[in-house]
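Asker: Residue numbers (this note's numbering), protein chains in the order written: chain P, 1 to 320; chain B, 1 to 320.
Treat the hints with care, as some may be off.
One copy or two, it doesn't matter: identical chains are merged, so the pair holds either way.
[As the list claims (entries may be wrong)] Distance condition first, Cα-Cα at most 35 Å in a straight line; then the derived DSBU-like pairs of lysine-lysine: (1) Lys33 x Lys44; (2) Lys100 x Lys224; (3) Lys100 x Lys33; (4) Lys100 x Lys263.
No lab work stands behind these hints, which were simulated from the structure alone.
Note that this is a predicted model, so its numbers are computed, not measured.
Protein chains: 2
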Amino acid sequence: MLSTIYEPIQEDLVRVEDRLRSACEVDSPQLSKLLDYTLKSGGKRIRPALVLLSGKFYHYDPNYLLPMATAVEVLHTATLVHDDVIDNSLVRRGYPTVNKVWGEDKAILLGDYLLAKSQELVAETQNLRVVRLFAQTFMALSGGELNQAFNPFNLEQTRQQYRQRISAKTASLISLATESGAILSQAPEGSVEALKQYGHNLGIAFQIVDDILDFIGTEEEMGKPTGSDLAQGTLTLPAIFLLERYPEDNPVRRLFQNEDRQKNIGLATELVRNSSIPQECYAVASDYCAKACQNLSLLPDDASRRSLIQLAEYVVKRRK
Amino acid sequence: MLSTIYEPIQEDLVRVEDRLRSACEVDSPQLSKLLDYTLKSGGKRIRPALVLLSGKFYHYDPNYLLPMATAVEVLHTATLVHDDVIDNSLVRRGYPTVNKVWGEDKAILLGDYLLAKSQELVAETQNLRVVRLFAQTFMALSGGELNQAFNPFNLEQTRQQYRQRISAKTASLISLATESGAILSQAPEGSVEALKQYGHNLGIAFQIVDDILDFIGTEEEMGKPTGSDLAQGTLTLPAIFLLERYPEDNPVRRLFQNEDRQKNIGLATELVRNSSIPQECYAVASDYCAKACQNLSLLPDDASRRSLIQLAEYVVKRRK
Numbered sequence: 001m002l003s004t005i006y007e008p009i010q011e012d013l014v015r016v017e018d019r020l021r022s023a024c025e026v027d028s029p030q031l032s033k034l035l036d037y038t039l040k041s042g043g044k045r046i047r048p049a050l051v052l053l054s055g056k057f058y059h060y061d062p063n064y065l066l067p068m069a070t071a072v073e074v075l076h077t078a079t080l081v082h083d084d085v086i087d088n089s090l091v092r093r094g095y096p097t098v099n100k101v102w103g104e105d106k107a108i109l110l111g112d113y114l115l116a117k118s119q120e121l122v123a124e125t126q127n128l129r130v131v132r133l134f135a136q137t138f139m140a141l142s143g144g145e146l147n148q149a150f151n152p153f154n155l156e157q158t159r160q161q162y163r164q165r166i167s168a169k170t171a172s173l174i175s176l177a178t179e180s181g182a183i184l185s186q187a188p189e190g191s192v193e194a195l196k197q198y199g200h201n202l203g204i205a206f207q208i209v210d211d212i213l214d215f216i217g218t219e220e221e222m223g224k225p226t227g228s229d230l231a232q233g234t235l236t237l238p239a240i241f242l243l244e245r246y247p248e249d250n251p252v253r254r255l256f257q258n259e260d261r262q263k264n265i266g267l268a269t270e271l272v273r274n275s276s277i278p279q280e281c282y283a284v285a286s287d288y289c290a291k292a293c294q295n296l297s298l299l300p301d302d303a304s305r306r307s308l309i310q311l312a313e314y315v316v317k318r319r320k
Numbered sequence: 001m002l003s004t005i006y007e008p009i010q011e012d013l014v015r016v017e018d019r020l021r022s023a024c025e026v027d028s029p030q031l032s033k034l035l036d037y038t039l040k041s042g043g044k045r046i047r048p049a050l051v052l053l054s055g056k057f058y059h060y061d062p063n064y065l066l067p068m069a070t071a072v073e074v075l076h077t078a079t080l081v082h083d084d085v086i087d088n089s090l091v092r093r094g095y096p097t098v099n100k101v102w103g104e105d106k107a108i109l110l111g112d113y114l115l116a117k118s119q120e121l122v123a124e125t126q127n128l129r130v131v132r133l134f135a136q137t138f139m140a141l142s143g144g145e146l147n148q149a150f151n152p153f154n155l156e157q158t159r160q161q162y163r164q165r166i167s168a169k170t171a172s173l174i175s176l177a178t179e180s181g182a183i184l185s186q187a188p189e190g191s192v193e194a195l196k197q198y199g200h201n202l203g204i205a206f207q208i209v210d211d212i213l214d215f216i217g218t219e220e221e222m223g224k225p226t227g228s229d230l231a232q233g234t235l236t237l238p239a240i241f242l243l244e245r246y247p248e249d250n251p252v253r254r255l256f257q258n259e260d261r262q263k264n265i266g267l268a269t270e271l272v273r274n275s276s277i278p279q280e281c282y283a284v285a286s287d288y289c290a291k292a293c294q295n296l297s298l299l300p301d302d303a304s305r306r307s308l309i310q311l312a313e314y315v316v317k318r319r320k
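Next up, chain P with everything else stripped away, as it sits in the complex (with noise of 0.2 Å):
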C-alpha cells in the first residue's frame, strides 16, 4: 500500500536510506551500534517521504530535499528516543527500547547525538529559512511535551487542549517535512502554506488514529503494549469521549485518582472497544483528513499531489 503512495519517489527514498545508512557509519563502535538500531529499525519513512512528495511540485532538487528527508527522520528518531526514556517505554516496534537495553543514560545521550546529526543534514540545505523553521519546530515539539509533563493525570483537558498538544506533539514535524520540501523546491508561498496546512492537517488526523489504534489495535500489531496512554496519565481523543459520554463515574475517572490502575486500563479499554467511541474518533480523523485534501487543492495535479491525497487515506486505513 504504501509503495504504491511512496512510488513517484521511490528511488530518493532509497537514497535516504543510504544516506541514514551513512550516519551510522561513526569511530566509535559502540555509538555506531546505537545508530544502527534506532535508524535502520524500519519505521514507515513517512516524514522523508512528505518532503520529497512536497518538493516535487516545482523545483525538484535533490541536493537539498534529500539531507532535509534525512534531517527529519534523524529529528523523529531522536525524538521517539528521548520519548522511550521519558515513559519508560520498554517496547517500540517490537523491539526492546535504547533505555531497556543500554539504560537511560545511554538513549539520553544518542538523543541528544540525534538531534545533533539532525541539524548538520539540516545545514547541508544551505537554507537560513529552513534551519530556523526546523530549530523552531523543535522548540515548540518539546515545549509541548514538557506542558503534558507538567499536566499528567489531569481530568480537566479539553478536546481543545488535546488538539493542542497532539498539534505540538506530532503535526509540528509532519508540517515540517511538507513545509520545508515546499520551501527547497522554490515554491510560491501561497503553495509553501498549502502543504504546511496540508502537513498540519494530516498530522493531527495520524496522530488521532494512533490514539484510536492504543485502545483497538492489538500489541502485535502495534509492536508495544496497547493501553500505555492511559498508563502514562494521558488523555487523548477516546478517553476524552468517554469521559464525555459517563461524566459522573467511569474506569477513566477511577484510574486517573489512582484506584487500581490496571484494572480500569483493562475496563477503560473494553468500554470504548464495545462502543461508537472509536468510529466517532476516526471520524473526526477523517474531517482533518479531508481538510489535509482540500488543501492540495491549489497544486498541480499529477503524481504527487495523488500520493498525497492516497497518503491521507492510508493515515486513517493503517492498522499500525
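With the hints as your guide, set chain B onto chain P.
Answerer: Then chain B, alone, in the frame of chain P:
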C-alpha cells in the same frame, strides 16, 4: 577578577544577559519558570565572553556575535541539564538541579528545548558555516559523552584517553566559542585557526582544573559535592596520576572494583590532597594555558588579546 578581563566587551555581555532573559519569556508559565531557573542562574559566562572577545580582532558585528554568544551559553546550559540527569546529580552551582526539583522527565525535555533554542539563535548569525560547526561540535560532545558512558569504572584509561574525553566534553564547546567569534568577524583563516586552537587548549586546561578542584576544592566553593567524578566512575587526571604512582594497590583501584565506595573515595581524596599530585596536575594545566597564549601570537596586540591571555591565567587560578 573576571570583570576586569571582560572589560572590553562589558556592554555586550549585558546584552547577552538581556537575550538570555528574553529567551525565558515564553507563553507557558511552567516552561518559563524552568528557563528562568537555568538561564538566570549566574554562571561565569566564560563561553559568551569568549565569542565576543574572539570577535573583537576584525569586523565586530553585534548583530551576529550577540546571538552566537547567547547560543553557546544556551547550548552549554542544555548539556548541564542533561548531564545532571545522566549523573543523577542533585546540586549544581549551590542549587538543587532541575531533575531533583522537577524530575527527570522535565529535565530531559527542558534540555531538548534549550538545544532547539540554541539552534534558533545560531540561525540568527545568517552564517551556514557556523550553523554546521555548531551542529558538529554538539555531535562530538554527545558522542564523546556516550563513549564515556560505555566506559565507566574502567581502570585502563590512559592519559591520552583522558585528553580525548575532555577534549570532546569541554574543549569542543570552548573552541566553538572562539572559532565562531573569529568566523563571524570575518577573520582571515589563519586567525580563525589560531583562535580555535586557543579555545581548544584553554578548554583542556579549564577541565583539568575542574578535575583538580573536584579533589581539593570545598563543597561550598564548588556549589556541588566534591569527589563526584570518582563516585560516577570517571577517572580524571589526579586519579590517573594516583594509579600511576601506586600501581599495585590503592583506593581508586579498590573503589573501581566496587569495594566500599564511600570509604575509598574519602581515602583517594586524602591521598591526592596530601601528595604533590595537585601541583603536577596544575603544571599540566599551565602548559595548556601557555600553549593557548602562544596561539594568540599572530593576532593584533590589543585589549582583547590581553583579556584572552588574562583569561588563560584566571582559568588556572580560579577556585570554583
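Asker: If a hint holds in the structure, say so; if it doesn't, say that too.
Answerer: Hints and how they fare:
no. : hint            : in the structure
1   : Lys33 x Lys44   : within (21 Å within a copy, 37 Å between copies)
2   : Lys100 x Lys224 : both (13 Å within a copy, 30 Å between copies)
3   : Lys100 x Lys33  : both (15 Å within a copy, 31 Å between copies)
4   : Lys100 x Lys263 : both (25 Å within a copy, 32 Å between copies)
In this structure, every one of the numbered hints holds.
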